[in-house]
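J.: Single-letter residue listing:
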Amino acid sequence: MTRTSFAYRLDQVTHFFGDKKVIDIKHLEIPKGSITGLMGPNGSGKTTLLKLLAFAIPPSSGCIFFNGRPEYPFSPKIRSKVTLVTQKPYLLKRSVFDNIAYGLKIRQDIKDLKQRVCRALDSVGLTFDQFAFRQWHELSGGEAQRVALAARLILKPEVLLLDEPVASVDTRSAALIRTASLAARRDWGTTLVIASHDLAWLFDCSDTQISISSGTLFATGREIIIPGPYIPPEHPGQAWTKQLEDGQTILLPARSGAAKTAVIRQENICLGTTGETSHEIDNRIKGQVQSMHLTGQNRQIMATIAMGEMSVMLGTATDQAAAMGLQPGTQITLLFCSCNIIWR
Amino acid sequence: MEFITQGFVKAVFLLIHLDPATFSAISATLKVSTIAMALSLAAGLPAGFALGYFNFPGKRHIKTLVDTLLALPTVSVGLIIYAVISSQGPLGDLNLLFTLTGIAMGQTLLALPIVIAITAATVENIDSDLKLTLVSLGAARHHILRTCLWEVRYGILAGAVTAYGRVLTEVGISMMVGGNIKYHTRTITTAIALETNKGMFADGMALGMVLIAIAFCVNICLSFLRKQ
Numbered sequence: 001m002t003r004t005s006f007a008y009r010l011d012q013v014t015h016f017f018g019d020k021k022v023i024d025i026k027h028l029e030i031p032k033g034s035i036t037g038l039m040g041p042n043g044s045g046k047t048t049l050l051k052l053l054a055f056a057i058p059p060s061s062g063c064i065f066f067n068g069r070p071e072y073p074f075s076p077k078i079r080s081k082v083t084l085v086t087q088k089p090y091l092l093k094r095s096v097f098d099n100i101a102y103g104l105k106i107r108q109d110i111k112d113l114k115q116r117v118c119r120a121l122d123s124v125g126l127t128f129d130q131f132a133f134r135q136w137h138e139l140s141g142g143e144a145q146r147v148a149l150a151a152r153l154i155l156k157p158e159v160l161l162l163d164e165p166v167a168s169v170d171t172r173s174a175a176l177i178r179t180a181s182l183a184a185r186r187d188w189g190t191t192l193v194i195a196s197h198d199l200a201w202l203f204d205c206s207d208t209q210i211s212i213s214s215g216t217l218f219a220t221g222r223e224i225i226i227p228g229p230y231i232p233p234e235h236p237g238q239a240w241t242k243q244l245e246d247g248q249t250i251l252l253p254a255r256s257g258a259a260k261t262a263v264i265r266q267e268n269i270c271l272g273t274t275g276e277t278s279h280e281i282d283n284r285i286k287g288q289v290q291s292m293h294l295t296g297q298n299r300q301i302m303a304t305i306a307m308g309e310m311s312v313m314l315g316t317a318t319d320q321a322a323a324m325g326l327q328p329g330t331q332i333t334l335l336f337c338s339c340n341i342i343w344r
Numbered sequence: 001m002e003f004i005t006q007g008f009v010k011a012v013f014l015l016i017h018l019d020p021a022t023f024s025a026i027s028a029t030l031k032v033s034t035i036a037m038a039l040s041l042a043a044g045l046p047a048g049f050a051l052g053y054f055n056f057p058g059k060r061h062i063k064t065l066v067d068t069l070l071a072l073p074t075v076s077v078g079l080i081i082y083a084v085i086s087s088q089g090p091l092g093d094l095n096l097l098f099t100l101t102g103i104a105m106g107q108t109l110l111a112l113p114i115v116i117a118i119t120a121a122t123v124e125n126i127d128s129d130l131k132l133t134l135v136s137l138g139a140a141r142h143h144i145l146r147t148c149l150w151e152v153r154y155g156i157l158a159g160a161v162t163a164y165g166r167v168l169t170e171v172g173i174s175m176m177v178g179g180n181i182k183y184h185t186r187t188i189t190t191a192i193a194l195e196t197n198k199g200m201f202a203d204g205m206a207l208g209m210v211l212i213a214i215a216f217c218v219n220i221c222l223s224f225l226r227k228q
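Just so you know, the sequences run in chain order A and W.
When we follow my numbering, the leftmost residue of the first sequence carries the number 1, and every step to the right adds one.
When we follow my numbering, the leftmost residue of the second sequence carries the number 1, and every step to the right adds one.
Be a bit skeptical, because a hint or two may be false.
[Said to hold, decoys possible] Once the Cα atoms are required to be at most 25 Å apart in a straight line, the calculated PhoX-like pairs of lysine-lysine come out as: (1) A/Lys93 - W/Lys198; (2) A/Lys105 - W/Lys182; (3) W/Lys131 - A/Lys156; (4) W/Lys131 - A/Lys20; (5) A/Lys77 - W/Lys131; (6) W/Lys131 - A/Lys21.
For the record, the hints were derived by calculation from the structure and aren't laboratory data.
This is chain W alone, in the form it adopts within the complex (with noise of 0.2 Å):
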């Protein structure tokens, strides 16, 4: 118990006095789920809002297929992307691997799913008489799509923060793709496996604090959106 207290200690030292190597990776963590957020936002709204409101063929096959890359293991898309990324692979040539762009990359793939599949069944959720209102109120189709995508907006939010909640705690995809590179591509998570590995509890708690209060953060934010 006294080593748990004493790391506590020293993690709030840390903290307060803006560790360099602490920082770094906290600021290394919020920068690629940042980018990965962008990244899976741009593409997931277009395309769960397709895939909720239109009716085509395939489509519960491509329902089913987003539901199950919803439980993909951050380790297989670490290797995926390792695989793509690395010299031998189809996008070697960009030397992204043990980047944070590369990182990135793969966050962007855990993400996209989930915000695909909530914002698909938020849509499909979407009272039937709000587009018989909106074409009664004369939109056109551009403003049909805006206009159910901002009346869903706090689902569609609330799957954002889901997304957010998962690429920041993900481990497999910073250690494979990132390597763990001090000062460089070490992440949050990395660096908490890594410091616990070395015996060097106190870090690692610091570390483990901030995680804890990111996602209790996010929590608190899908918790007031899911009220509204």
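This is chain A alone, in the form it adopts within the complex (with noise of 0.2 Å):
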């Protein structure tokens, strides 16, 4: 068998829910011990692709390959080395510590039982003493997400999946399951795929962002997309556009063919103010920057910017951040012609 660095690789894999298609992808590879950070509105496909991942429901045509083997029909063992955390957890009707050891229990792997809960626990942050044998119903949503967790996490799984995990959980219980997280990869080499919505926390731990529409990737992360229902032009000739929720009109280019979904890359768009003009842009879209956070890779500064029911992330040099007042609250026009717009 030959070696493979990556640990997944999908072939032209579709899913279908009825007659509806809600994954197509042409081509993934997801490298071995690398995080994957997968973005998109919901009801893009986010979850039904972590599900394909975690082989829970096998795809409709194509195939994934898991290790450099295609894997289908799934069998327990491929399962048990890809585990998932979902956005709601699911925590059975047992007690805390029962829960923790059900992978291993059924792996019949219960060595050092207590001690390897316990150590689960603490990873996210539960002292055994005061929850081990608490029972499901006497956890709060957020201890019940981290328990869900360390489920999981005492596994030691090859690829960790993890669905929206701080979506609903409180701030100190987020901060203590992305920690968790990481510490998998730091400590195990887990290969982990995450979708969020938190997007300045996805770009400062993932190596490579995917975003997805529509179940189509588009694999950089630096594309944003341009969320339908688009509005056709009622003449010939003139532009499609999307409305925004807040009123304003983005100008979007004539759509062609079977493509559906509209993105432009994070460089074709400016920080600017409102004064600025050019031949090139036609669109000026005014937003608010509601969070700002310094990355580790590159120390630039990523601002998130609400436009309408939209919100955007855009990079900036820092010392460029400082010089336009870029500060949360901030009031900013961004700045892009309708013809870098590109339709997928």
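Two chains, two frames, some hints: make the complex.
T.: This is the structure:
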């Protein structure tokens, strides 16, 4: 067997719910030991993709290779290497100890069980004495999510898939979940795929970012999806448009073929003031800086900017951000040309 | 009113002095109902799980049939079992008519649809995240089956208790298949019917009190399980 540096390779993978195609991936490779950030609007296919990667559901067509081998039908052996933490944690109706030990028990790997459960609880910031023998219904949402994560971490999985792990938990739990998840790669070389709306965290911790919309991947993460619905032109020759909830309109280029998602690369968007003009720029969309984050990789400022219901993340150098006086709450204009928007 | 009071006093006397006929009926009732429940659970739990968990052609029709059988009159079950185990029936050679085994067979048939229907309904209502959680923890098929049943154990137990209540209090099957033979196939319910007809009100009341006590215990269990 040939050794491969990729944990996953997906080739021509599609998945349908009834007649609706929810996943359409031509090609995707996820390196071993990497952290991949998966971002996209609700209903874009993130959860379905994670379920496919967890071998919880088979794809409608195409092939998923794991460690270089095509996987289908899924064996318990392959499922034992990959684990998924869902957004809404489901705990078995038993004690915290039994929930965490479940995966090891079904593997009949019960050596030093108590110590291992203790370490798993400790890794998510819960003490053994206080929590191990609580029942499933005696936990808060954040504690339940941490127990669910501990139940996966105790397995030392090859791949840890996280579906919005911090979406509905308190700040302290979110911080502990982030730390414990990242420790899995540091300690065991676990491959992580994280789906989250917390773009700042994703950009900070992940090696690769993937955007997904309508089941289609945009593999660099430097592409911003302008989600539909799109309004077709009333007359031929006029522009397609996207109406934001705050009343602003984004002009789009003519739509071609079966393309269904409008995308623009981050480098084609300028942050500016409303006074700036250019013949090429036909979109001037006002937004507000929601948050700013210093990324660990390029020492860039990543600013999350809300425009109507859309939220985009743009990087800028620290000195440029300072010169523009960027801070959370700052009103800013995003300048870009519709000709730089492409249909995928 | 006075004869009810006298009946109650005599009933307490019969129970305290361990009246053989009374305790024979209690013993027969507990024996047949326990055997019937064991058999109906053994067959009904896997069948109910399969009906609730898997999707297959004809599932809806089977569910309709099972739901219809929930309302099966006990005399109809008695009639069917009687026809099967009487000397002219297909199981006539086994000499099961007027035996506790025959009654247990009928009561199994009575309890089976209840166990299947409640297990299927409970399994159908399992949180869809449970299976995903189990798969993501590396569970194989048999782990998923076992854990799913364990997760809905209170719902299934409630179904079993409901079935036990129905079996315990039925009279049609015991009367038709058992024949109400004293010290042999006489159960609490058939004894109550007979003693009351004979005017032995105290004996009937003693047995009635026991039956109510058992039914009360069963319902206490059911109430407790429903709270879980």
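J.: Give a verdict on every hint.
T.: Hint-by-hint comparison with the structure:
1. Proposed proximity of A/Lys93 and W/Lys198 is contradicted: the alpha carbons are some 53 Å apart, above 25 Å.
2. A distance of roughly 53 Å separates the Cα atoms of A/Lys105 and W/Lys182; the hinted pair therefore is violated under the 25 Å criterion.
3. Distance restraint check for W/Lys131 and A/Lys156: the Cα-Cα separation of roughly 21 Å lies within the 25 Å cut-off, and the hinted pair is therefore satisfied.
4. A hinted pair counts as satisfied when its Cα atoms are at most 25 Å apart, and W/Lys131 with A/Lys20 qualifies at roughly 23 Å.
5. Simply put, A/Lys77 and W/Lys131 have alpha-carbon atoms about 17 Å apart, close enough for the 25 Å limit, and the pair holds.
6. Distance hint between W/Lys131 and A/Lys21 is fulfilled; the C-alpha atoms sit about 23 Å from each other, no more than 25 Å.
Comparing the model with each earlier hint shows violations of hints 1 and 2; every other hint is respected.
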